[in-house]
Amino acid sequence: MSEHARNIAPPAMPLGLRIKASPEYRTFKTQFWDDNPLFRQILGVCSALAVTNLVTNTLVMCVAVTLVTACSSCLYALVRDATPPRTRLLVQMLIIASFVIVVHLFLAAYMFAVSEQIGAYVGLIITNCIVLGRVEAFATKNRPWLAFVDGIGAGCGYSLVLILVSLPRELLGFGSLCGVAVVPESLPRWNIMVMAPAGFFGLAVVIWVCRALQLRAQAGKARPGGK
Amino acid sequence: MPEISPFVILFAAVFTNNILLVYFLGMCSFIAVSNTTQTALGLGAAVTFVSVLTAAAGWPVYHLVLVPLGLEYLQFIVFIVLIAGLVQFVEMVIERKSQTLYDNLGIFLPLITVNCAILGLCLFMVNWRYGFLQSVAWGAGSGLGWFVAVVALAGLRQKIRFSKVPPALEGPGITIVVAGTMAMAFMGFAGMVAIR
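Chains A and B are the protein sequences, given in the same order. Going letter by letter, the first sequence gives residues 1 to 227 in our numbering. Going letter by letter, the second sequence gives residues 1 to 196 in our numbering.
It should be emphasised that the hints constitute simulated quantities derived from the structure, not laboratory data. The beta carbon of each residue, even a glycine, is placed where N, CA and C say it ideally should be. Among these hints, one or two may not hold up.
[Unchecked claim] Pulled a few chain A residues facing chain B out of the computed Cβ check, cut under 7 Å:
| no. | residue |
| --- | --- |
| 1 | Ala21 |
| 2 | Tyr25 |
| 3 | Ile42 |
| 4 | Val45 |
| 5 | Met93 |
| 6 | Phe99 |
| 7 | Ile101 |
| 8 | Gly123 |
| 9 | Thr127 |
| 10 | Cys129 |
| 11 | Gly133 |
| 12 | Phe201 |
| 13 | Leu203 |
| 14 | Ile207 |
| 15 | Trp208 |
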């Protein structure tokens, strides 16, 4: 308990305090951990399950989703005053789709092997609820810069979960990390880890652990801390 | 792949290549609406309906318009607009023709626009170079597969209410575990037919 109380008010550097008090930091942290899109809001689950059997694909997907979310939020925050409310959803979808096309073409041009494997799922970023959710919920009300930070936060929160799911899946399923073999050949491979059910179970375990950590932190705060 | 019969594709899309349990598409609404069997039936029917229409309309648009013009890279935008338009159209037709059906499906129809299962099946049918009938069969099968999975999960979730779940796993967490178990069950169908 006392350990927790010390964590709340650390003897921090002035710069650290200033960063912690800034709206950017709070926006980022809300999306990254407190309201994490995957384990709090359960959005964007489709791609989280589909691409996580290889770490390389996961990393590419994370960067793609983060960039698309941040750029779409920022651009929509810039043009929202010029869009009539009735066509709002259409404009949002077109902005998101344009960024997804850019990402898709970039991958096809420079990372063809990865693009072949996760091709359809890159296109599906358009219907990823995280992106539309952030554009609709945050970028309609906030400044472009803050909307950009919010998108980055949501993307990083998504990446955190995806990487946690993908590491054990590739390690146990293929015995490698990012395509480099690390587990000796003598150990048997767990074929189930690269197949669909392991995606569900992996995600469920990550949700479980993260929620348990959050619940514990809440319980710590709820107790009469200082007195 | 011109040699696969559409009937095989229809069967495979429901069981061996279930769009939800094998390709993980349409998870968001899957978790959101599987609370009760009633809503699951409603949305499942709507998704099946729209996915058949989308496949039937998407194939000619892609192969007869985009490919000859060399505009394949616009496929995402075109498919999204097509789906949104179709959903709007279906909504209007149902409202005119059957008020009861509209009241039952009403709130679910707009949700389908952002259901990734529909966009996903369009992208898959293009990637796998299906013909027209194959695409329609794939669309119908995927819709039915989604329908089967969501109704089954809703049934299971109604039982979960009486079970003791760890607090951190309550709600969506346990739903994902149950869906994983269902995915394992569907793996039993694997190997019966292959469509790619």
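Does the structure break any of the earlier hints, and which numbers would those be?
The structure conflicts with hints 1, 2, 6 and 11, although it agrees with all the remaining ones.
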